[in-house]
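Enquirer: In order, the protein sequences belong to chains F and W. In this text, residue positions in the first sequence follow our numbering: the first is 1, and each later residue adds one. In this text, residue positions in the second sequence follow our numbering: the first is 192, and each later residue adds one.
The calculated lysine-lysine pairs, modelled on DSS-like cross-linking and capped at a C-alpha distance of 27 Å, are:
1. K316/W - K181/F
2. K129/F - K372/W
3. K125/F - K372/W
4. K181/F - K320/W
Distance windows between CB atoms, simulated:
5. L108/F - Q363/W: 22 to 30 Å
6. R222/W - G132/F: 31 to 39 Å
7. R91/F - A280/W: 48 to 56 Å
8. S182/F - H279/W: 25 to 33 Å
9. R301/W - R106/F: 27 to 35 Å
10. S82/F - K320/W: 45 to 53 Å
11. V374/W - R106/F: 13 to 21 Å
Please keep in mind that the hints were generated in silico from the structure rather than gathered at the bench. We treat Cβ as the ideally placed atom computed from N, Cα and C, and that holds for glycine.
Protein chains: 2
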Amino acid sequence: MGTGSSGSAARASRPARPRVELLRVGHRPGRDPRLSTHVALVARAFGAERMYLHPPDATVVASLAGVRERWGGTFEVVPAPSWTSVVHAARGPVVHLTMYGQPLPRLLPRLRRAREILLVVGGAKVPPKIYGEATFNVSVGSQPHSEVAAVAVVLRELLGIPGARPFAGARQRIVPRARGKSVVQVRGSTA
Amino acid sequence: MGTGSSGSAARASRPARPRVELLRVGHRPGRDPRLSTHVALVARAFGAERMYLHPPDATVVASLAGVRERWGGTFEVVPAPSWTSVVHAARGPVVHLTMYGQPLPRLLPRLRRAREILLVVGGAKVPPKIYGEATFNVSVGSQPHSEVAAVAVVLRELLGIPGARPFAGARQRIVPRARGKSVVQVRGSTA
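Using the sequences and the accompanying hints, generate a full structural model.
Expert: Okay, here's the thing in structure tokens:
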């Protein structure tokens, strides 16, 4: 057993996965809470750390807080009165997802080397300034589709397909089944 | 140079990608048109053939017809007054996407061997019967998230990340750019 080229050493030296945060811009309170909630749920389920929401909307914050209480983890929606502050505070590449951007596969090697990534997604309305503020404008296909799907696919490429393990502190978890539904309460949960 | 094991021969003998159709069940006209439209747009952009919609909703049909007219391709939303008829007419595995199902990675090898697949996704309301009617109940992670994301990730695994090529008959297409937006009209388009 050498000291650097065995299978397990190769695994150990595999670069760590980036930490990913999300910024949802152009949210329209009253019109978009369901779609922004879907974006946030996907970010959480696929392993992002948190989602900044601009403009702030208490409905989405509360909805994700309820999910965290039942299903665990530390993901939260953070109200962002200024989206530019979030962008300027980013400690890694700012990746704006847009159908007009460069194809994802071309940029993936660079994104995978980053330690921290801020993903930015718009809805129906996107501040045009974001195209200039972003480090990369990235497209998942060059067709109109959905910011929910774009976030899912980028996180899948960066962090993998999410597994079946419950999140830390979950009150309940799913036991995957071929038929029907199985949700069990987690014993000793204090959440 | 042999006759069966070169790189190009290996590529040539790679199984064809499955043809995928989608069935969206439990749609609530008046409440869900935006989310069902997102599901349909993702299905189209990621290479599915069509989406059956139950119950029917002319809003979603019209919205995708408009996208087809501008962006090309043959994808359409087909009203499905009976979802069981669509399931019974399927000529391959019926794959119901649900957070309660078996993990996607475990079933992928079998799905990739199929020639035709019917993906079924519910919304807030899913007829419980579907769990029994499906060939497989499949989860993309065992956390609550979004049917839009689940469809995107399954299609990405089966058909790949969509490229930048315009669809046949498109009137306009995007030229991917590092900054800003570039949409060009396609000459000779008759759509």
